[in-house]
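Working from the sequences, and respecting the hints, build out all of it.
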Amino acid sequence: MPDNEIEFKKPIKSSDLESQFKYEVANTYEGRTILYCYQCGTCSAGCPVLNALELMPHQIFRMVLLGLKQEVLESSTIWLCASCYLCNERCPQGVEISNVFFALKNIAAQHHIIPKGLKQLAENLIKLGVTAEVSEFQMEEREDLGLPEVPKVDSSIIHEILCRTGLNKLVEKEDQLQEERE
Amino acid sequence: MRYAYFLGCIIPARANSYDAAARQVANKLDIELIPIEGATCCPPVSIRSLDFKSWITIAARNLALVEQTGMDVVTLCNGCYGTLKDANHILKTNEQLRTEVNSTLKEVGLKFEGIREVKQYTEILCSDYAKEKLLEKMTRKLEGLKVAVHYGCHLIRPSKIVQFDNSEAPRKIDELIELTGAESIQYQEKLKCCGAPVLAINEKLALELTKQKLLSAKGAGAHCIVTTCPFCGIQFDLFQLKVEELIKESIELPMLFLPQLIGLSLGIEPKLLGLELHRVPLDLIEESIGFQFI
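Sequences listed follow chains A and B, in order. The first sequence begins at 34 in my numbering and counts up by one. The second sequence begins at 2 in my numbering and counts up by one.
Just so you know, these hints were derived from the structure itself, not from any lab. Check before you lean on any hint, since a few could be wrong.
[Stated by the list, open to error] Here are the simulated EDC-like pairs of lysine to aspartate or glutamate, each with C-alpha atoms no more than 20 Å apart in a straight line:
{"no.": "1", "chain 1": "B", "residue 1": "Lys132", "chain 2": "B", "residue 2": "Glu33"}
{"no.": "2", "chain 1": "B", "residue 1": "Lys272", "chain 2": "A", "residue 2": "Glu173"}
{"no.": "3", "chain 1": "A", "residue 1": "Lys149", "chain 2": "A", "residue 2": "Glu213"}
{"no.": "4", "chain 1": "B", "residue 1": "Lys219", "chain 2": "B", "residue 2": "Glu253"}
{"no.": "5", "chain 1": "A", "residue 1": "Lys202", "chain 2": "B", "residue 2": "Glu108"}
{"no.": "6", "chain 1": "B", "residue 1": "Lys193", "chain 2": "A", "residue 2": "Glu122"}
{"no.": "7", "chain 1": "B", "residue 1": "Lys107", "chain 2": "A", "residue 2": "Glu193"}
{"no.": "8", "chain 1": "B", "residue 1": "Lys272", "chain 2": "A", "residue 2": "Glu122"}
{"no.": "9", "chain 1": "A", "residue 1": "Lys152", "chain 2": "B", "residue 2": "Glu204"}
These figures come from a predicted structure and were not determined experimentally.
Spelled out as structure tokens, the structure:
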């Protein structure tokens, strides 16, 4: 490669690292196995979405262990994980990789990074008690197939639970921030 | 044999043919499926991605409702299965989380006890009981039909929790399919994701994964792709049309939900199995078994 095509990345300074980040992840239920990663790259080798990722799974893990918190939370990689658990099965260190990705996404969401598509599903759950609503067309289809009506959902119960557990707050805060931005 | 029947959101909203076929087959095999009053969304991995506590508490509410029925629960959807099975496992083994979740459930008059098991419909179909019944009641051999089995990620992984089959070389559905006289073929992308989980984030990537699966199965000579998950099924049927548009090439590989295939071998009328609702033409299946659906 000719010299002028080499892009030098800025060196990482130790003063930029948030070394406590790995413990923030390890202290969650989903992220509790992160510290066992020894960078073999098996997770990346089998990942079905690898070609679409700006950072490979094992690189994300190294960055968490180093403390590159902002870079990890802002990376699109964590949201492209298909949660297929192939990496979980194969990790020789028993790192529950898909679960650690859940932990990272949860932390990103607390920092108000929530992809639109997922926000919509959360809003559905909060308002309707389901993530996908049954349309009239589908109800007719069910009738034609001789299928019984779909069990009724009392969405107020789901709403009450989600107010207590925190999903409502996440979505409301996101709405607020969006309004401010506009 | 009776089970509490967990329908979930996506099946009544997008994949009624799966529900229809599952009930028809259960009926033939003398398996009773009882609806769960008040059950809601499982909820899916997309909610787990945003907030673990919300995910596990809603799942625990569903499990608490299951416990009230006095039966084990069976799901059709691999996603619901993954959620309920994992949440049940976590809450049974982690006292601190169980206490925390139960303090929230108390406010809505429920309690998770951890006394029930979560099963996927396929597990019941693959049981010795169902296989015996199936052999007894089978009226049509599906000889000549080449099937590409797609297990779907959450039916086989994480294997230490779901414990359905060997996660690198699963055989249970293949064996069931061979029981009907059809041939289960091997194809390169058999264990890969269908693409559905990233659909809400990146449609292009989702379609790329779907394309890889479909082309791999078709290239290996399959007449159809068979799955046990509504998300995967929608991906292979409805979204196959989008993939075709994208690659400007026809694939025309029909998708069947596993109970639809079993239903055909049991001689159940195609209309009752919801076959008319599929988007991709079923010609390849009809030709290979020599039976017209309509």
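Against the structure, the hints come out as follows:
1. In summary, the hint linking lysine 132 of chain B to glutamate 33 of chain B is supported, as the alpha carbons are separated by about 16 Å, within the 20 Å threshold.
2. Proposed proximity of lysine 272 of chain B and glutamate 173 of chain A is supported: the alpha carbons are some 15 Å apart, at most 20 Å.
3. Between the alpha carbons of lysine 149 of chain A and glutamate 213 of chain A the distance comes to roughly 17 Å, so the proposed pair stays at or under 20 Å and holds.
4. At roughly 9 Å between alpha-carbon atoms, lysine 219 of chain B and glutamate 253 of chain B fall within 20 Å of each other, so this suggested pair holds.
5. Distance hint between lysine 202 of chain A and glutamate 108 of chain B is fulfilled; the C-alpha atoms sit about 18 Å from each other, no more than 20 Å.
6. Between lysine 193 of chain B and glutamate 122 of chain A the alpha-carbon distance is near 13 Å, which keeps this suggested pair within the 20 Å criterion.
7. Restraint check for lysine 107 of chain B and glutamate 193 of chain A: the C-alpha separation of about 12 Å stays at or below 20 Å, so the hint holds.
8. At roughly 40 Å between alpha-carbon atoms, lysine 272 of chain B and glutamate 122 of chain A are farther apart than 20 Å, so this suggested pair is violated.
9. For the suggested pair lysine 152 of chain A and glutamate 204 of chain B, the alpha carbons sit about 16 Å apart, so the restraint of at most 20 Å is met.
Violated hint for the displayed structure: number 8, the only one.
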